[in-house]
Amino acid sequence: MSAVIEENVGSLADVTSGAINIKDVVKIYDPDGAAVMAVDHCSIDIPAGEICMIVGPSGCGKTTLLNAIAGFHDITSGSIHLDGELLCGPGKPQAKPGSDRIVVFQNGALFPWKTNLDNIAFGPMMVGNQSKAEIYDKARSMMADAGLSGTENNFPGEVSSGLRRRVEIVRALMNDPKVLLFDEPYRALDSLTKSVMHEALLEIYYRNKVTIFFITHDLEEAIFLGHRLIIMSSRPCKPKKIMEVDIPHPRDYSVLTSPRFRELMNEAKDVVHEEAQKAFDAGEKEG
Amino acid sequence: MDQLVDLLKSAMPFRMVPDNLIRDIAGICTQHSFAAGENIYNLGDTADDVYIVSSGSVQHILGVDSGTSQHEKTMRSGDIFGWAAVLEGQNTRLAATSSKEPTEVIRINGKELTRLFKTDPAVGDVVMTRFATMINKEFYVPRTISDQVPGFKQALVAKSLQGSEVTTMALTVYRISTWLKSPRPYLMLIGFAFVLGFWYLSVEVWKLPRFVDMPGPTEVFTEWFSEDPYYGLSIYTPEYYKHIGISLQRIAFAFFLATGLGVPLGLFLGWSKSFREFIFPLFEVLRPIPVLAWVPLAIIIFSGSETPVIFLTFLASFFATTLNTMLGVESIDESYSRAAYCLGASRWQTFIHVVIPGAMPYIFTGLQISIGVAWFSLVAGEMVSGQYGLGYLINTAYMMIEYPKIIIGMITLGVVGYTTSAMVRMMGDYLMQWRVRELALGDN
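Just so you know, the protein sequences line up as chains P and C, in that order.
With the first letter of the first sequence counted as 1, position 199 gets the number 199 in my numbering; the numbers rise by one all the way through.
In my numbering, each residue carries its 1-based index in the second sequence increased by 287.
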């Protein structure tokens, strides 16, 4: 990491776009007459450039919120704004998916039939306002920056799962998004690979500051990566506790053993455990 | 103990590792001696330990599939081997090793070692990176194996790996050689021999009562390969090839027509809900009607003897292709199209770049079935209508009591049918390189 990056790594002052404003969002699923409230008057303000970790038990409705921001489904009431612009709200129940908000999916959604390089070039190629040579040059240099050189012509199925996740993040960043939406992207990885992925993600983040909306139920991951933790109550989903993570960026793995990290961990654990117990008692299905 | 520490320090990956960690590592080492020629481990054994040679020498032979340029090497004092034990997801040995002379080795449990590295992630990362670089430089392993080294930075290998691209050709040769080494081809031959043997015995030796009129293999093969065939049909008569040619022509025409109409229809059925609701019920009622039931109608509607046969052949193919293509579209994980929309693709672009390639594996399953049922209905059609063709050949041979020709027609159908089906499969492999390469590496 270069010195330039390190100097202003902690500050979000230079990030001007990507503020998300979630206000009183309610989502009621009504598949067969039995209304299920997935999200209940949820309000969250995420400043531009923040890594905001959404923590909660499985199936609490976190993904519902993410899908609403991404535009994969509608909300029942409330509103979501991105930089003051209405994504969805009164009169416009469903946001239009777009390259300003890109999702990194739980099980990964790299196209297995395209090479890593073609996957990364996909977004700009579809939008089509740059030349093919420009796009591929940029794709190659972004791959090199992320330590992915040499795998350009491999198909995603030929490389390790950790590497695939990195390709997917680079694919998202190719489109200069304002927001990255992570839906438990590292859930399926083993803890060793995960730890490498966390550092790699931070490194990428320090280079390209975008707002990160990151869903997880792994507390260690949440505290290590996040500026803030928003701990959600079990279904219906609404913020139960907001925790500032006052460990300065840039962070590396030594943070994990620091006393402050342990303190935050214990603090969060109590809240999360209570919610997890509630969810367990209610017998909710993972979602 | 000090001797052990010195030896560890001399091993490449552990150079510059701080003393306290080296001492910890020394703590989990065990010493073993091997007599000359003794086996240390074999290809495919469970990989638990990493080895360092302390004295003597070890012969190290890599397995065929490790993608290496150099199969054999000798490991001497300070050399380290058995790194499969520290790779994630690689728990079997990729090489066989044995001592060349009386040899002393140090054994370190891979899991213990990785655990020690975790206590000092910075150093652990350096050692792991060295491991990976070493593996790459010395053994030229496929990229996927070096990827399994925890914490390994890709950029380091990038250069050394460019030349080791596993080419399709090498893969084919490799597959053929493993196939020949497996019991499969020999079991296959036994299968053929068994059927031929039963045919020969039942007809020519035991002369079973119901097999009286059945031609035996001697008669059939004499006729088939005779320059002057008794019934006028052998590999030397142009008529034989005319039958094959006409059948192939009909198959090709019907198959391409069915594919050209069935694939687009299937794609749209899977893609558009309203279109499916409109067409699919009709489709579901027509589909179960057997091809034979269409014969009279086909003859009434279509003029001549050629069109009804092609229509019947087309029909079965068309249903198989359409249905499988539709299932293919439905099988595509929703996150792929969501990802495409996120990345700014329009609905049409998503159709081209996600729906079509995503459905491809199912489409080709459909085409495999399609070519099979095409032959089935072709023969049915040729038996009822048409001139020339293998179905016609079999049917007329029956009428004219030229029984060996029936068998020749049948075996020819089998061979030609199998060939067309193999061609469809090869076409699929060619179009779906990503799948071939994924499957070749196994699921990772």
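Check before you lean on any hint, since a few could be wrong.
[To be verified] Below, simulated DMTMM-like cross-link-like pairs (lysine to aspartate or glutamate); rule was C-alpha separation at most 20 Å, straight line: (1) P:241 with P:274; (2) P:194 with P:100; (3) P:96 with C:621; (4) C:405 with P:14; (5) P:241 with P:267; (6) P:114 with C:620; (7) C:398 with C:388; (8) P:209 with P:100; (9) P:114 with C:725; (10) P:241 with P:45; (11) P:114 with C:407; (12) C:405 with P:45; (13) C:405 with P:40; (14) C:405 with P:220; (15) P:194 with C:407; (16) P:23 with P:83; (17) C:398 with P:190; (18) P:241 with P:40; (19) P:114 with C:621; (20) P:240 with P:203; (21) P:138 with P:83; (22) C:296 with C:388; (23) P:209 with P:14.
Because the hints were derived from the structure by calculation, they are not lab data.
Now the hints, each set against the structure:
For the hint pairing residue 241 of chain P with residue 274 of chain P, the CA-to-CA distance comes to about 12 Å; that is within 20 Å, so the pair holds. Distance check on the hinted pair: residue 194 of chain P and residue 100 of chain P sit about 26 Å apart at the alpha-carbon level, beyond 20 Å; violated. Restraint check: the Cα-Cα separation between residue 96 of chain P and residue 621 of chain C comes to about 16 Å, which is no more than 20 Å; the hinted pair holds. A hinted pair counts as satisfied when its Cα atoms are at most 20 Å apart, and residue 405 of chain C with residue 14 of chain P does not qualify at roughly 36 Å.
Distance restraint check for residue 241 of chain P and residue 267 of chain P: the Cα-Cα separation of roughly 11 Å lies within the 20 Å cut-off, and the hinted pair is therefore satisfied. This hinted pair checks out: residue 114 of chain P and residue 620 of chain C have alpha carbons roughly 15 Å apart, not beyond 20 Å. Simply put, residue 398 of chain C and residue 388 of chain C have alpha-carbon atoms about 29 Å apart, too far for the 20 Å limit, and the pair is violated. In summary, the hint linking residue 209 of chain P to residue 100 of chain P is supported, as the alpha carbons are separated by about 13 Å, within the 20 Å threshold.
As the CA atoms of residue 114 of chain P and residue 725 of chain C are separated by approximately 12 Å, the hinted pair is consistent with the 20 Å bound. Distance hint between residue 241 of chain P and residue 45 of chain P is fulfilled; the C-alpha atoms sit about 13 Å from each other, no more than 20 Å. For a cut-off of 20 Å, the pair hint linking residue 114 of chain P to residue 407 of chain C is broken: about 38 Å separates their Cα positions. Between residue 405 of chain C and residue 45 of chain P the alpha-carbon distance is near 37 Å, which puts this suggested pair outside the 20 Å criterion.
With a CA separation close to 42 Å, the supplied pair residue 405 of chain C and residue 40 of chain P exceeds the 20 Å bound. Between residue 405 of chain C and residue 220 of chain P the CA atoms are separated by roughly 16 Å; this keeps the pair inside 20 Å, and the hint holds. At roughly 16 Å between alpha-carbon atoms, residue 194 of chain P and residue 407 of chain C fall within 20 Å of each other, so this suggested pair holds. Restraint check: the Cα-Cα separation between residue 23 of chain P and residue 83 of chain P comes to about 13 Å, which is no more than 20 Å; the hinted pair holds.
About 14 Å separates the Cα atoms of residue 398 of chain C and residue 190 of chain P, which keeps this hinted pair within 20 Å; it holds. The suggested pairing of residue 241 of chain P with residue 40 of chain P holds, with an alpha-carbon distance near 15 Å, which does not exceed 20 Å. Taking the CA atoms of residue 114 of chain P and residue 621 of chain C, the gap is about 17 Å. The hint holds against a cut of 20 Å. For the given pair, residue 240 of chain P sits about 30 Å from residue 203 of chain P by alpha-carbon distance, which is inconsistent with the 20 Å threshold.
Of the supplied pair hints, the one linking residue 138 of chain P and residue 83 of chain P is violated, its CA atoms being roughly 27 Å apart against a limit of 20 Å. For a cut-off of 20 Å, the pair hint linking residue 296 of chain C to residue 388 of chain C is broken: about 24 Å separates their Cα positions. With a CA separation close to 9 Å, the supplied pair residue 209 of chain P and residue 14 of chain P stays within the 20 Å bound.
The structure shown violates the earlier hints numbered 2, 4, 7, 11, 12, 13, 20, 21 and 22.
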